[in-house]
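Place chain B on chain A using the hints.
Quick mapping for you: the protein sequence lines, in order, are chains A and B. The working numbering numbers the first residue of the first sequence as 31 and each following residue consecutively. The working numbering numbers the first residue of the second sequence as 31 and each following residue consecutively.
Be careful, since some hints might not be right.
Any copy, or any two copies together, can satisfy a pair, since identical chains are not distinguished.
As the list claims (entries may be wrong) - Simulated crosslink set (DSS-like; lysine-lysine; CA at most 27 Å straight-line):
no.	residue 1	residue 2
1	749	766
2	342	197
3	550	590
4	613	590
5	197	158
6	443	613
7	550	443
8	766	550
9	766	561
10	443	766
Hints in this document: simulated from the structure, not taken from any laboratory.
There are 2 protein chains.
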Amino acid sequence: MADNGAKTGGKAPVLGTDPWRVAETAFSGDTLGVVESLFALANGYIGTRGTFEEPVTGDVASTEGTYLNGVYLREPIHYDESAYGFATHNNKMILVPNGKAVGLTAGDEAFVHGDSSVEAYARALDMKAGMLSRTTRWRTKAGGALDIASRRIVSLAHNHLMAFEYKVTSVDYAGPVSLTPGLDAGYGGTARAGDPRAGELSIRDCLIEEMAETRTDGALYTHRIKDSDVRVVSAIRFLTDGATVTAVPVEGDRTCGTRLTADLAPGESLTLTVYVWYGHGTDAFALTKTADAELFAAVSGGFAALVAAQAKAYDAFWATADMEVGGAPGVEQGMRFGMFHLCQSAGRNGDSSIGSKGLTGPGYDGHYFWDTEIYIVPFLTYTCPEVARSLLQYRIGKLDEARARAREMAHTKGGLFPWRTIGGEECSSYFPAGTAQYHINAAIAYAALQYLTVTEDWSFVLEGGAELLFETAQLWLDLGHFSERRGGQFCIHEVTGPDEYSAMSDNNFYTNAMARHHLKGAARLAAEMAKRAPDAYAALTARIGLAESDVTDWARAAEKMYLPYDEELQVHAQDDLFLARPKWDFASTPAENYPLLLHYHPLVIYRHQVLKQADVVLADVLLSGAFTEDEKRRDLAYYEPLTTHDSTLSACIYAVANAEVGSRERAYHFFEETYRMDLENRHGNTHYGVHTACMAGSWMGVVMGFAGMRLQGEVLTFKPYLPEGWTHYSFHLLFKGRRLDVRVDAEGARYRVATGAPLVIRHAGTDVTVGADADTVCAAA
Amino acid sequence: MADNGAKTGGKAPVLGTDPWRVAETAFSGDTLGVVESLFALANGYIGTRGTFEEPVTGDVASTEGTYLNGVYLREPIHYDESAYGFATHNNKMILVPNGKAVGLTAGDEAFVHGDSSVEAYARALDMKAGMLSRTTRWRTKAGGALDIASRRIVSLAHNHLMAFEYKVTSVDYAGPVSLTPGLDAGYGGTARAGDPRAGELSIRDCLIEEMAETRTDGALYTHRIKDSDVRVVSAIRFLTDGATVTAVPVEGDRTCGTRLTADLAPGESLTLTVYVWYGHGTDAFALTKTADAELFAAVSGGFAALVAAQAKAYDAFWATADMEVGGAPGVEQGMRFGMFHLCQSAGRNGDSSIGSKGLTGPGYDGHYFWDTEIYIVPFLTYTCPEVARSLLQYRIGKLDEARARAREMAHTKGGLFPWRTIGGEECSSYFPAGTAQYHINAAIAYAALQYLTVTEDWSFVLEGGAELLFETAQLWLDLGHFSERRGGQFCIHEVTGPDEYSAMSDNNFYTNAMARHHLKGAARLAAEMAKRAPDAYAALTARIGLAESDVTDWARAAEKMYLPYDEELQVHAQDDLFLARPKWDFASTPAENYPLLLHYHPLVIYRHQVLKQADVVLADVLLSGAFTEDEKRRDLAYYEPLTTHDSTLSACIYAVANAEVGSRERAYHFFEETYRMDLENRHGNTHYGVHTACMAGSWMGVVMGFAGMRLQGEVLTFKPYLPEGWTHYSFHLLFKGRRLDVRVDAEGARYRVATGAPLVIRHAGTDVTVGADADTVCAAA
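Just chain A, same shape as in the assembly:
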């Protein structure tokens, strides 16, 4: 997890290589579902797929979806054979009423994508403006033509708002035109049987209507989420301009809207501006009040003001996150596209995280996985640390659930985070590749420790960060044991590592290595906190029952951690038994049998040496300083041929690993699997949503791969080179209160501290002081 890719691929949309725009010039039914994911807009709270305002012909698969991050339906999980401690409930990201639909008719004819005659079409996602826009020229059957132009934003500045402008201009049409904005609370529910990765819910299964209100200039719904007391309020307010309009409320089964009719003559326009508000909570009355007030403010401010605020918010994002890639426009566009989605998808309210599909589609029920902490938080830590902190804050907020789960799993202390969840409880109904992945705890700790080092945000320590690190560390002691048979080394049994093509292994190298990192870091932090904030430390340890001997045990377990190594092969063993198994027979495996998980029973896969994704090599990359380059080279040489990359979390790691050992061609080969993965629908399942971890992985490919960036203790180190065919690449890193700019070209690397005090970095093994005045130029590695 997460993601199980279909390596057979799917149809790829045509979207150009403009550096800041992803643009299509024709409607294509074949790739519609994919483009709906790609053109999804979000602001960390509201996410809405890039579906059209108008309906689409029934012949074409289209998936409507508007989601609220962190808001879910809690549903019992049924097992034919259950057992103690199995996850009891799923959390499914709900659908909320669709407020961006507009019915358009000219005379008696309704516009339908794929059916109506279209003479011109253009749609583009502007990543600088944070806006999706479209123009369509519709030739009606009666002969007249109308231009449709729409612009849509989901406001980064106003978390509960989305808005769009919808303008119809008559080219040579004369007659009545009607627009029907409204809220649709009855959509969804297309089942796609047989694919375990889909998660198609109907909004009817999620929301129970409590109030519906239709007005001539808007509508409002209050729904209760089934089996909960959480209310979802959705409301729209709209204005028209340019023509005299008759407004008639239109209510249907779970829809409420307004039909706006005007007569247009050639050259005349009717512009509709719609503001959509979403919120959730237990107090429906308060929510409707807020909806009213915020919609009133939005309408008063106008669409242009929202557009400007959106551009400003994205300017701020790109100021630290942007990356240039010279001479490879497709790469540059792909990189920005990925960062754009990461920015959009990440929760910002401390009570939500980032789903494996962001807020772009129904895949994996909108669950949060370790993808967040291992792949995405690092990117955000270096570019948008406040968002990184919010994601960590989400985990802190779920510590009670983690502690409860640890008790349920018979651990007498500590907290165990769920493998997949929204609300904080374990939602994995297949524990061998779910709950068994104890490395989730280390992933959270890894991200938190890195965040601390990079940001030096001590308030994070005091506001839950220490508790998070300590409680997750406690668990390892209870899970593992000092093994007499292994000379007192610390062993961890019956866990599943990142490679889900093995399960329930003993001493998974990745898990043990990451646990060691975690335990060391937690012990270090405990010592620092005891010194720097003794009262807070005393209060915390008393509250969570942390003894000094526990801290000593962390250090001892880290010290004694068993890391399996095979003397014969001279490689780290993925686990105690992996290397004894027969290798997968790749030669006899037909191409259509990938991904293996869709064609072989887990037992068949588990029985062989075959990897779904980086495991040992991931540890080598994340904990780079802990292993020699020779070790890493041998690990890579052994495991790479055994890896199917059936997960989209794999290629990026192999790109970084190959770059580190100088296999530049291989590095680029793997990098190519990442930076346009969704744009080209390479795993054939982008219609379920984009792959956020892979997007962050492509950032890792450039920054950690080509630029060789690592965090070694407190120091940023680099070993940069320029991939063939590129003229240059550049990016920024926020580090210890500074913005460090890095630019690599044919001449070498240039470093500059754009803001903040000079900084000592390490370039190709040599310490270099980087200042603000001028670029520090170093030869390429």
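Positioned in the frame of chain A, the structure of chain B alone reads:
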């Protein structure tokens, strides 16, 4: 599997220690569900729980149930997270219309167990007669008393028939009495949430009514099993005697019956005799014809004839199966009770087997497990070989399903039998303790090879037995591999052994050892068949694609089979990693936390050295000749303290193992857990049905444990002793065309060949020729 016992125990009924009767003298609501299982009657096809004819008060848990062996509902299995190759459908043993219910009223008052005033009560299962009988004196509210006397049989002689006699005699009552026999097709469906071992179906979920016919002297239903074209016909026919009766048909929702009313004066009786017929098939018309004809014959013959035929059939059974235990009536009764249920429950039509609960309750959905082949078939092989063969024939009939499953599991050859099933497909929805138990193939082979040696039934070889052994052997080659890292030894990865407290292990000792036995036996049989029946052999190998090189490979794999052994501990290792794990902390585990599976997540259990049931020790017992007594002693000493016996399949094996190494007190301790396990409801779950494997296990305890019987090659060996407090014990074994009688008392062991030629056996290591003329007396071991 199967059985997960609740070690906390349940209330035990009071049933006496009469050697041939299990008798209760009072109605007890607390133990009613248990007694309903114990008093269940069956004939291998029809099984009906020991419920009363009359209704029971609602305050008391009673589970109605009549079942047909091998007849099931096929239901899709739902997974929240599915994967390739997961079992898609469950097979649930269906309920069929209840034909043994009789409503009884006197005046306006209905008799209800637990509510009505009862002055005398006795109920007994007669194991010699194969009959359940009861007397009840009912004091009506109006003051008059009536005696009820009922006798019930499920006919061993007539597989589709059950019958009962129901007699009401007025003691001092005068007035109208009515009896309402009929068929009830609307019962069942009590859910017991939270217990994975229950399987409570409603008959309404199983059967769709196609025809209902009510007559004054009977009724008939034709139902179609949901989602199938299989019809179930149930029919009753009845007679009355002793009084003038008015008959009125009474039809209700899914019931059809007849109200029979008569006036009784003190001393007068009304006797009702009911014949019930069940059958299934696709041709409903033919079934109803057969039902009519067989019911007519039964009615004509009369109840006494059926009773006599039943006694004769049981006489024949006991002639070979009976065991005497002198000086320990509770043991003798318990042993007979177990054998009685084994006789009743075993399918005899070649298309059914024996459920883990027999035909006595809804537990485990009526599924067949390895219990049949490892525990039950051996008992039947030595006592009722024709029934043993029928059970093996059932597996032969499911070879196509086994081959299909093997392909689905990516095995290019051979057949893989399902872990649990009725119809032949894999029904386990939890594969780590289901499909992963590849040892099911070895279990079937073990039983077949033993059957062949004991019976010398060559027709079995020609009629599917060879195919069964060969196809199951083929699978090991594809599953395992000759490991370079282990010097070319044959290793088997990612399987679960009998001990379900470990899962998905590499080189499970039991599995490897049993596979070796299987491969050797199959290779031996192939050679013998090639010589003895060359044409049949050639035809078979051609049909199943068996190459001579495959047979060579079997021998080579057997030869090279890797059997994990720990040099340090000097014991066989349960698997490659078991001994490296920490031991379960038994000292800190409260008694109420057993069975562990109901209180700990599988991962917690799997992580530790803890056994649910015998694993290495089971191999030591079953393959006794393959290991030295010292090895077996050390294995036992190591694994016994780690075993919870949370399965009822465990204690019997430890009894045998302890007996073998001379730990007689421990042997008896474990034996005590078996022979009255259900009679005393020791695992607290007998209300779901009796534990057939445990019943066979108690036979193993005496024959293999105390008498030390083993089959070593072609020779029966003994090492008998007399348990303390017993005056003697005796049993029979059918062996190579003879009946061997064995009797052990204080003086030693007496052997006699009751029928057939003299036989060389081995007593305490010495060959002894046993003849028919006189007992061969040997000193105890």
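Outcome of the hint check:
Taking the shortest alpha-carbon separations for residue 749 and residue 766, only the intra-copy value of 20 Å comes in at or below 27 Å, while the best inter-copy value is 80 Å. Proximity of residue 342 to residue 197 under the C-alpha cut-off of 27 Å is restricted to the intra-copy arrangement: shortest distance 24 Å within a copy versus 94 Å between copies. Taking CA atoms no more than 27 Å apart as the test, residue 550 paired with residue 590 passes inside one copy only; the shortest distance there is 11 Å, against 46 Å between copies. Taking CA atoms no more than 27 Å apart as the test, residue 613 paired with residue 590 passes between copies only; the shortest distance there is 20 Å, against 31 Å inside one copy.
Taking CA atoms no more than 27 Å apart as the test, residue 197 paired with residue 158 passes inside one copy only; the shortest distance there is 22 Å, against 92 Å between copies. In this assembly of identical chains, residue 443 and residue 613 lie within 27 Å of each other by CA distance solely across copies; the values are 19 Å between and 39 Å within a copy. For the identical chains of this complex, residue 550 and residue 443 are intra-copy neighbours only, at 18 Å inside a copy versus 51 Å across copies, given an alpha-carbon limit of 27 Å. Taking the shortest alpha-carbon separations for residue 766 and residue 550, only the intra-copy value of 21 Å comes in at or below 27 Å, while the best inter-copy value is 69 Å.
With identical chains, the CA atoms of residue 766 and residue 561 are at most 27 Å apart within one copy only, with a shortest distance of 21 Å there and 84 Å across copies. Within a single copy, residue 443 and residue 766 get their C-alpha atoms no closer than 34 Å, and across copies no closer than 62 Å, so neither meets the 27 Å cut-off.
Consistency with the previously given hints fails for number 10 only.
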